[in-house]
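Asker: Listed below are the residues making up each chain.
Protein chains: 2
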Amino acid sequence: MDKSILFNKFVSFSASVHRVTHELTKDVKSDSITQVQYKILENIAISQPVTPSEINDCMQMSMPNTSRELSKLSEKNLIKKIGDSKDKRKQYICLSQDGELLMNEAFASIESRFLERIQNATKEDLKDIERSIDILQTKLFYSNYK
Amino acid sequence: MDKSILFNKFVSFSASVHRVTHELTKDVKSDSITQVQYKILENIAISQPVTPSEINDCMQMSMPNTSRELSKLSEKNLIKKIGDSKDKRKQYICLSQDGELLMNEAFASIESRFLERIQNATKEDLKDIERSIDILQTKLFYSNYK
DNA sequence: CCTCTTATTTATCATTTGATAATCAAATCA
DNA sequence: TGATTTGATTATCAAATGATAAATAAGAGG
Numbered sequence: 001m002d003k004s005i006l007f008n009k010f011v012s013f014s015a016s017v018h019r020v021t022h023e024l025t026k027d028v029k030s031d032s033i034t035q036v037q038y039k040i041l042e043n044i045a046i047s048q049p050v051t052p053s054e055i056n057d058c059m060q061m062s063m064p065n066t067s068r069e070l071s072k073l074s075e076k077n078l079i080k081k082i083g084d085s086k087d088k089r090k091q092y093i094c095l096s097q098d099g100e101l102l103m104n105e106a107f108a109s110i111e112s113r114f115l116e117r118i119q120n121a122t123k124e125d126l127k128d129i130e131r132s133i134d135i136l137q138t139k140l141f142y143s144n145y146k
Numbered sequence: 001m002d003k004s005i006l007f008n009k010f011v012s013f014s015a016s017v018h019r020v021t022h023e024l025t026k027d028v029k030s031d032s033i034t035q036v037q038y039k040i041l042e043n044i045a046i047s048q049p050v051t052p053s054e055i056n057d058c059m060q061m062s063m064p065n066t067s068r069e070l071s072k073l074s075e076k077n078l079i080k081k082i083g084d085s086k087d088k089r090k091q092y093i094c095l096s097q098d099g100e101l102l103m104n105e106a107f108a109s110i111e112s113r114f115l116e117r118i119q120n121a122t123k124e125d126l127k128d129i130e131r132s133i134d135i136l137q138t139k140l141f142y143s144n145y146k
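Residue numbers (full-length UniProt numbering), protein chains in the order written: chain B, 1 to 146; chain Z, 1 to 146.
Note that these hints are calculated values from the structure, not bench results. Check each hint, because a few of them may be wrong.
For chains that are exact copies, the list does not tell them apart, and a pair is met inside one copy or across any two.
Unchecked claim - Straight-line Cα separation of at most 20 Å, PhoX-like style, residue types lysine-lysine; simulated pairs:
#1 Lys9 x Lys139
#2 Lys80 x Lys39
#3 Lys81 x Lys39
#4 Lys39 x Lys9
#5 Lys127 x Lys139
#6 Lys72 x Lys90
#7 Lys123 x Lys26
#8 Lys29 x Lys72
#9 Lys90 x Lys80
#10 Lys81 x Lys139
#11 Lys139 x Lys123
#12 Lys127 x Lys39
#13 Lys123 x Lys29
#14 Lys3 x Lys123
#15 Lys9 x Lys81
#16 Lys39 x Lys26
Computed from a predicted structure; not experimentally measured.
Using the sequences and the hints, build the whole thing.
Answerer: So this is what it looks like as structure tokens:
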């Protein structure tokens, strides 16, 4: 098996994934927040509660910038900060009610576009898609760190 | 088949793809260019020659901004602009020698990280991966427009 | 030839993002 | 206790990006 060919397929495949996800998520974010802020909210939504440092690591930005964006999200009442009772330096970030609402809407809109995209797929196709996702997720796009 | 479950898998899958490609491509770009400029070069590298408008569509930016970034790449001698002999409004963009060099280095570095990632995969795994990519590319991450 | 459209560029602007240094307060540790 | 480390914030700055209006210049169609 020629791994170079596989690499080429990988390159064009990930380009496709990026293009399609961009298409699906285009304009779903409310105009009141920026792209990074939306990404942060997404991050929080998926794994809340999180500490600013964790967000920081995932998003690969610097602490001062993370902090700044979190403040902005806080001002907009989209997140809540909850102090750790043990270690008073730490905080836990959750979505506020408004934040939950915003993200639910966003996800709903993405899901409906997704369903549109697979509307013509047969039962067989869907099975294939599911299996393929599972395979790639475990064998190629796995995570190194816990 | 529950399409909602599939949607959830899709969400976590595309997050994985983004994370992994980010890992593979992290720091491969030379410091002399910005992130967008690198993306544009990637785009050109894959489908040269391209017109500014085409880049524009793929990258989903506005023409004035595309034009600006192309000029910058031109100043840095990373691309060449070739006029269309028929339609003098059109141009074709290619990588210059320096540009080719830069992108070859980048791709080589990405490829070596990619190979590392699949180094423990068996022949069977590789076959599975390849088939899965093909399936997803045609059935899920297909392109709508030509 | 005159208009209309297309492909691109120039100029300008506000906003977002990234990076750095300095500060603060709480925890840890010697 | 005093020094150091950790988690987070504030302030500031330069650079990158995005958006808009306006200009240019060449095709296309009547």
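Asker: Provide an ascending list of the numbers of those earlier hints which the structure does not satisfy.
Answerer: Hints 7, 10, 12, 13, 15 contradicted; others consistent.
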